[in-house]
Amino acid sequence: MKLGEFLTEENIKLNLASKKKAGVIGELVELLSVGERIKSMLKDNLLKREKMGSTGVGKGIAIPHCRSVLVDKLTVIIGRSKRGIDYDAQDGKPVHLLFLIVAPPQPQPLEYLVILGEIAKLSKEIVKHPDILKIDEKERFLNVLFDIERKLEKRGK
Amino acid sequence: MHQQLELLIMLNDLDILVKESQNKNMRKKEESYGFKLVHHSVELARAREEIVRKLDKNLYETYERLMSKYERALAPVVNGVCYGCYMRLPIAETTKQNKNEKVSTCINCGRFLYWIG
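Chains as they are written, first to last, in the numbering used here: chain A, 1 to 157; chain B, 158 to 274.
Since the hints were made in silico from the structure, they are not lab data.
Hints are not guaranteed to be accurate.
Derived pair list, reagent style BS3-like, types lysine-lysine, alpha-carbon separation capped at 25 Å [as the list claims (entries may be wrong)]: (1) A:K19 with A:K134; (2) A:K43 with B:K253; (3) B:K253 with A:K48; (4) B:K176 with A:K39; (5) A:K43 with A:K20; (6) A:K121 with B:K211.
From the derived model, a few chain B residues whose C-beta atoms are all more than 10 Å from chain A [claimed, not checked]: (7) S189; (8) I248; (9) C266.
Glycine included, C-beta positions come from ideal geometry on N, C-alpha and C.
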């Protein structure tokens, strides 16, 4: 999986305004290319997933995710908050970087899990690059992200 | 979108979420990525009750029957194909306008349909 297959500048919001979980998930869902009612249902679905356990995996990263019949392709949206979000993360710390994933039920769940795993792996590497929290241009932000991904691949992780 | 179809989608997505979180292999995978999952959520159980309360009784019975037969009771339709059984749906169905404004089922597998695009 290459993040470049899923990410463009349109899928990024570098200055999230909300300070709370529901608010930021709403902001990220707004970037999806679907109708308003679908956005609202997807937001509801993502928040339900959070009830199964926070997707704030620690070290300032959260990966809200869900699968729904409402979408026909896997989409990744990235959000960032310099100030930090009260996300009920596992380590109790504020979340600064979010990778939101929405995917259709098909293909098999395993493929979705592989992508989820790749992003989880990438996010662990990103925390070693705190500069990513300071970048203000989407293009540069994406390039740094792809660079981290390439390095990760080279190391065979 | 038809209100009952919305409820069916919400119910199906919720049931799959809970079912997958209880699946040993999927749970193990998610936990290996750093996610922690609870075994039961009272809030989600309540959310389900609320959806079922609003859902037409006959539709709910059909939904339950489909869920006991298949992994999902509802399938998306992409390019005229039911993504539950992968059969092409009749042109008479695919050319209709406002297809999500009513609750429809696949003539082959019987799953409820959500038309994408």
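The hints, checked one at a time:
no., hint, result
1, A:K19 with A:K134, "holds (18 Å)"
2, A:K43 with B:K253, "violated (29 Å)"
3, B:K253 with A:K48, "violated (33 Å)"
4, B:K176 with A:K39, "holds (23 Å)"
5, A:K43 with A:K20, "holds (14 Å)"
6, A:K121 with B:K211, "violated (41 Å)"
7, S189, "violated (8 Å)"
8, I248, "holds (20 Å)"
9, C266, "holds (14 Å)"
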